[in-house]
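Peer 1: What follows is the residue order along each chain.
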Amino acid sequence: MAKKNTPIHTVSQDMIERCLAKAVAQGDIVNFQFMFLPLSPLRDDNTEELSQDKYAYLLAEEFETSDKTYLEALGEIKRPDIKSFIQQQLQKKAGLPQLPASCVLQLADNAVRLRKYTSAAQAYELLRLRRRMQEEFFNQADAALEKGNIPKAVRGYRIATGLSYNYAAYPEPMPSVPNYQTKALLLHALYPQKPEDSVTTLPLEQQLKTAIEYLLLDGESASRLENLSQEVKIAFITELVNQIDPDWEEFRKRYRESQAIVKQLNTLLQSRESNGKNPDNNGLTLMEEIQAQQAEVDFEAIPELLLGRKIPNGEWWQYLKELAYVHPAAVFFVIRQFVSRDLEIILPPIIQGSPLVQALGLDTV
Amino acid sequence: MNDRGYVNYFEILELDHDCKPGEVRKNYKKKMKDLLVEISRSNLNQERRNHFLLDIARYNAAFYILRDNERREKYWQDRSTVIELEESWREASETNSNDAERLRRSYEAALRHFLSTYLEEYMLVAGRDVECVEASNWDVAHERHAGPILRHYRQRMHQEILERLPFYAVTKPKVDWEERTRTVANILAG
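First to last, the protein sequences are chains A and Y.
At position 334 of the first sequence the residue is numbered 318 (the working numbering), and the sequence of numbers has no breaks.
At position 74 of the second sequence the residue is numbered 1165 (the working numbering), and the sequence of numbers has no breaks.
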């Protein structure tokens, strides 16, 4: 058995540099930190070997080595002072190994470019630059907004909010992560009794405020946009939705198809009401319920259509949660509805004249 | 000596270090009464509610710790120890002394103990104290909501301290903010 601290195998300097350069180029703070730890396969005194298959992910592939970002990262790592510092840290026997700040900064910038915001937030936090970088992104985004460059402003806001940190996380602070699934459930927590109970039918100004808060996942950042005109807010939300959700167009088509079924449902509910029966109470006779079930309107097809797949025995909130994950903005344009005594679904309401709905292409055909 | 981030309960209740338990009680009750009046006059939103909840927890903890001589002494001693350790580590780190790593470990352990005890644990314990409950109307629901708020407060204090500590997980970055501004502009330009 090898004695502790005696070299077990040698890792070539070239391999070390290639691995570290890959982590920097890919903005991967987890891998970068791992390679300095005592159990790292880059250390000579470790039984873990870099040649093992399980560490293949650390090595840069042949096609990656010609990438400009990779070459820049490699150039930084090959700098004589950085190179000797890395060697020193990989041979350190006691105490916490230090990471070279210039490489971590490069890594953080690359992570932002690659939209790996949690990794970037962790790296900036290590460098104690996170808040100031976040502020810099906000300021430049606000400047772009003033010049009317909405796509740039949205990009800036997305990055800045992506760099947020959750200091209340247990057991340690960690980067904030998108949690649309939870927020969507909160938005639809109460069954709507009146139009203003539902986010879909809120007064426009309030709806825009809630939408920005929900999509940016941060009330504080959203408050920076409070003084914008309604037109700019709508343009901002539209751009934000398109940037967050590249498949929005697909959802839009399915939404419109589901609206056709909702129209049939509306007709049915209106006919029940005209007969003096409340559609969501126990007032239906058994015969009426059987008739409703046998009717051509397949209510359960509505949430399936909205989501694009069937959840076996899926409840409304399961559809809502998954919809929020796949198309975060979609939950803003659906409501909860009882269609029989036992069946509650989510469906697209028929809304006329809402500029936000029109801007996102969800208005009724 | 910079003691920012190490909660000072004497300052919170506006008391001198040699104050008597009677003065602690008097100041606590006055501050809590003023706070409850302010709460009753405010339009509460989520942010304000969290803010007030934290204020109540801070007053309760200050009263709970300072009214008992033994607890007060222990608190002040722990606070002084952690501040001294910070100074020692900072000096050792500036002179590249071999002791720096040992001092860092001792400081981190002392800091963790101080923050978790006086910025979290005692705040929750104080909320179950009969006198605090009577003065602040603190109940189980408050305690349930206070958990993440206190963790956030503790981390905020930790961040304030961290800003001035020597770098140890990474080397000290040399940041040119003009270059940073250009980098941000490049990233946003796509």
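Treat the hints with caution; some may be incorrect.
In silico contact screen, one side only, chain Y against chain A (beta carbon under 10 Å); selected entries [said to hold, decoys possible]:
#1 Q1137
#2 R1196
#3 R1242
#4 F1258
Simulated coverage check for chain A against chain Y, where a stretch passes if three residues somewhere in it have a Cβ under 8 Å from a Cβ of chain Y [what the hints assert, rightly or not]:
#5 72 to 85
#6 106 to 115
If you're looking for bench data, these hints aren't it; they were derived computationally from the structure.
Where is the CB? At the ideal position from N, CA and C, for every residue including glycine.
Peer 1: If a hint holds in the structure, say so; if it doesn't, say that too.
Peer 2: These are the hints, each one checked on the structure:
1. Q1137: holds (8 Å)
2. R1196: With a closest approach of 9 Å, the Y/R1196 hint holds.
3. R1242: holds (5 Å)
4. F1258: This hint holds: Y/F1258 lies near chain A, its Cβ roughly 8 Å from the closest one there, short of 10 Å.
5. 72 to 85: Satisfied; 7 residues make the cut.
6. 106 to 115: holds (count 4)
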